[in-house]
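Enquirer: Next come the chains, spelled out residue by residue.
Protein chains: 2
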Amino acid sequence: MEWSKWYYAAMEYKQRTVTCGALRKSDDGQRVVLNGWVHRNRNHGGIHFINLRDRYGITQVVVGEHAPDDVVAVAGELHLEYCVSVEGIVHARPASMVNAEMGTGEIEVEALSLQILSRCEPLPFMIDENETDAKEDTRLRYRYLDLRSGAMQKRIKLRHDFVRAIREYLSSRDFYEIETPTLIKSTPEGARDFLVPSRIYPGKFYALPQSPQLFKQILMVSGFDKYFQIARCYRDEDARGDRQLEFTQLDMEMSFVNRDDILLVMEGLFNHVFKQVMDYQLPAHFTRLTWHEAMNTYGVDKPDLRYGLPIVAVDDLAKASSFGTFLQVLSDGGTVKALKAPASEAPAYSRKYISELEDAAKIYGAKGLAWIKVGSNGAIEGGVSKFFVGQEQALIQRMEAKEGDMIVFVADQWKKTCNSLGAVRIKLARDLGLVTKGTFEFCWIVDFPLFEYNEDAKHWEAAHHMFSMPQVQYLDTLESDPGSVKGDLYDLVLNGYEVASGSIRIHDVELQKRIFRICNFTDEEAESRFGFLLNAFRYGPPPHGGIAPGIDRMVMIMAEQTSIKEVIAFPKNTAAISPMDDSPSSVDEQQLDDLHLIIKQLKKTE
Amino acid sequence: MEWSKWYYAAMEYKQRTVTCGALRKSDDGQRVVLNGWVHRNRNHGGIHFINLRDRYGITQVVVGEHAPDDVVAVAGELHLEYCVSVEGIVHARPASMVNAEMGTGEIEVEALSLQILSRCEPLPFMIDENETDAKEDTRLRYRYLDLRSGAMQKRIKLRHDFVRAIREYLSSRDFYEIETPTLIKSTPEGARDFLVPSRIYPGKFYALPQSPQLFKQILMVSGFDKYFQIARCYRDEDARGDRQLEFTQLDMEMSFVNRDDILLVMEGLFNHVFKQVMDYQLPAHFTRLTWHEAMNTYGVDKPDLRYGLPIVAVDDLAKASSFGTFLQVLSDGGTVKALKAPASEAPAYSRKYISELEDAAKIYGAKGLAWIKVGSNGAIEGGVSKFFVGQEQALIQRMEAKEGDMIVFVADQWKKTCNSLGAVRIKLARDLGLVTKGTFEFCWIVDFPLFEYNEDAKHWEAAHHMFSMPQVQYLDTLESDPGSVKGDLYDLVLNGYEVASGSIRIHDVELQKRIFRICNFTDEEAESRFGFLLNAFRYGPPPHGGIAPGIDRMVMIMAEQTSIKEVIAFPKNTAAISPMDDSPSSVDEQQLDDLHLIIKQLKKTE
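One line per chain: the protein sequences are X and F, in this order. For the first sequence, this note's numbering begins at 20 and goes up steadily by one. For the second sequence, this note's numbering begins at 20 and goes up steadily by one.
Okay, chain X solo, but in the shape it has when bound (with noise of 0.2 Å):
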């Protein structure tokens, strides 16, 4: 009960009446209040040098020898992070102690009266510019101080700049936000719902979504031709890589629009907010790639365009080369491309380091990866270069190669070749220094394909989702040849990373009714769970298309992070847990009852 009488005595305290970021040299002999944290304390013979932090800044509080016996006692008492208020007299410093590294580095406080508005326990890390290099979990279970740091203010910043600029942009432009429901019905395809089991209606169930996909779509059939909306959705995936099981989305739909129409608005908007939100200039339009454009180019639908490094085709090279392994595989429908690494000394393509990026194609099923050094005057040396005797000017040129460098080689069917050297350009990018810290290049993917198939269901699926337009010059032979339809699809693509995908979307219940079947709903099951957009439909539908930027994995992109953990107020971890409030947790057996549940493991023990 100790704390608490002082914290009593603390309800009524002295109001800040300038923030800590605030005070300059032109505010000198200013009576003012502060209240922070205490963010540093040192103790000078006798006099304290108190940093005190808020969200604004920091500002140096001097406690000196003849300050007022309580402010000194209290001073004594004070730990990192303890919240205090403080009044006291601005007074600017002599130019040899100005810190120009504080933004109120001009200035101190002399502190008159000192309060302590409540204590802090030690810390289990401590708090600085920089977030904490403690662990994960540790960050998080202890978010609330985690979020003191520096970084992560800054961060949350961030995202709050970079979603209102959004707002700004489109709002201006004659879009509405419009909430959809998130407590919808279960219409799994793709991922796994979450399920909200309803108290009143035994057996029964609410979803929340995985994306509002069929409400924007509903929305366009509304009338309202311009929607976007800040969405928060829902999957149920396996923990892997950086997800979460809610995320962010800025959803837009828009009717009377082609594929075109769709990417400059994009273009525009992100234009605007990089501008406005880290004075970034994109290029007016971003570089536009074929689905295979890009598989051929950079092995990849989603290149990192920070830096070049192209996959070239060498096929004919490879016809006219003497390699039985080439040769083989070409007689076998395939392909072979090489990729130049340009001439390094770290890494100095060692053998080593061959072996990695062999490694690296092979995870996308590479057998091997073939190489040829390329030496002085125009010679080629080592690997197979025995191989291309008679080429050696003809390889060059195409590979625009010099002294130096070296030629990787991948020689299997298109896509596993495509994939296997676009691993190897990501891990030469990487440890040649060639990633270019502070750029943002974007580019667009179009032309995928609509359909993949699934070896192990072994039908058709749709490659992005169910309701996007096949190319109309594909619709006679939807079914007779599946994988060869191209979609109205795009993908919008920064720094390596999908950001956001999107298409012109079915409007005709027919066509959407084949597109269901070859995905192998049946007409029952595309009703009992798609029904309502198909009614939808009948009823004076428009063309309409859309997009969803995903905005955790943009503002992680724009903070130079890796994980969207640092760009969320308060993530799950990797095991789908919040360790600071810790869910998911068991629940009173009267709220099992409440909704008709038995758990299946509890019936197990009984």
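Derived from the structure by calculation, the hints contain no laboratory data. None of the values given here were measured: they were computed from a predicted structure. Careful, some of the hints might be misleading.
If you want a taste of the chain X side facing chain F, the calculated C-beta under 8 Å gives, among others [stated by the list, open to error]:
no., residue
1, Leu159
2, Tyr163
3, Ser602
Pairwise CB distance ranges, derived in the manner of DEER restraints [said to hold, decoys possible]:
no., chain 1, residue 1, chain 2, residue 2, range
4, X, Thr541, F, Asp147, 33 to 41 Å
5, F, Asp351, X, Ser132, 51 to 59 Å
6, F, Asp612, X, Thr541, 40 to 48 Å
7, X, Ser132, F, Glu543, 38 to 46 Å
8, X, Arg192, F, Ile66, 54 to 62 Å
9, X, Ser45, F, Thr309, 37 to 45 Å
10, F, Ser45, X, Lys294, 31 to 39 Å
11, X, Asn149, F, Gln300, 46 to 54 Å
12, X, Asp601, F, Asp612, 53 to 61 Å
13, F, Glu543, X, Lys44, 53 to 61 Å
14, X, Asp279, F, Thr306, 50 to 58 Å
15, X, Arg192, F, Ser369, 31 to 39 Å
16, F, Thr309, X, Glu608, 53 to 61 Å
Distance condition first, Cα-Cα at most 25 Å in a straight line; then the derived DMTMM-like pairs of lysine to aspartate or glutamate [to be verified]:
no., chain 1, residue 1, chain 2, residue 2
17, F, Lys245, X, Asp180
18, F, Lys435, F, Glu474
19, F, Lys223, X, Glu256
20, F, Lys223, X, Asp613
Every residue gets a Cβ at the ideal spot worked out from N, C-alpha and C, and that includes glycine.
Since the structure of chain X is provided, determine the placement of chain F on it from the hints.
Expert: Just chain F, lined up with the frame of chain X:
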């Protein structure tokens, strides 16, 4: 398949060059393309007049006798709500034909080509400027059509404008919008939590938040001293009144503030928003009433101040009367209050109408409603007038009554008396037409009781929630006299609706535990449910407070509606069902299996 043939052709259609609300006289002679819906379609002697509608307006399209044959043929096929593309020439109408009621009434468009983009089955109800008078479930089943009405379009826009103006105001004042998680620990108090079963952890659950209350307090501990969020909240309550399972609130919180700081921010906010969105000027500051004043004068803690009709204390006059009932109530410690029903023709205060007023009073427990009519020359007549002989003038003066007025009395315990007359006041105002349309009267109610006694559970409960600060003068008597403790609580009331509720929060572990104990939580229960908040309070929490206006209800009031369903794009009906997507619904056995759940009812039938 017949429909689909033209549909596939329609995939390549003429996109609009202008909207249906854009064209004016100055566009005379322009060639334009419009995309929209057939709002009306009249055939006058072979000439088709098609009113084409989109979100922006209506344009009259004319297919004349000399139009191309294919255009005439398509025009003949059109039915209401077909979605079409029209290319044509703008013609200024002769002055005599201008339709001043349409934005585009100065022009019409002569169709040169006409293409059906999608067809529409016969409509379940007409789509018009006003919403349909179809039954609620019909409106919700066909919500995509219902939302096309002018009235619904306007309300959805109003909601967008309202939320946008809120964000703009707060963001420009250093508030950050921060997203808090919606899969959290279940901490039920007050309403029931919706639960979300964890697939990965059998028998464990996440809960959907009833509000971001604990997380916003933790954000204050994190040093974000001005936070807001337009937050989705969830309460699994029994269907009653105008409630939704999910609703939206403006959640906000500030550090280093007192009550008045919060009130001033809200007054500034709503001044800005009402001016911006509806060009409505609110007073700079809102009326403030203590809870006690509100109850005494208006008989309710959410008074509608668009009209007067104050309740008047008449204990002294009642004590001097000879009416046994009044004297008995007073000697039992009760009170007598009166309300003046002003002279009126309709209702004329017939016996029948007085009995209606009495019914209203009885709902709140009044045993009866005494009355007196004021006659000419200061006479009082009828009802209990005979018991007030000699007090006629005093009574008339106290009530500021004049000829034709009626005075009604309730005598009972204080709260029953207030509430009963409060109900009479509301009924009178409605019946007398005293409620001014288009007027918005805000007021603050402050100094609420912190606790209320739960007669069923036989213990004290938080009247608001357990995190609200008691006023400092009650700190020593929390346990000994909970009923008299006033909290640092405030409600914002608009036109008789509670639209926001807030408080200064506790930020001390010991005080928080005292409140938990008074509310019948053991320390163990409190720790298991709210431990993460108590932990946070051990690390330098700042003094803080906040408020949370309900978005749905505020927009409803601004739109002069009486149900929040009118301002939500896709609400559930009063049975918690969405007739459009038919949620909640049964799910696959596999889905339940994945969640380790068995439905209790199914078990019974095994």
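Enquirer: If you test the structure against every hint from before, which numbers come out violated?
Expert: Checked against the structure, the hints that fail are numbers 1, 6, 8, 12, 15, 16, while the rest are satisfied.
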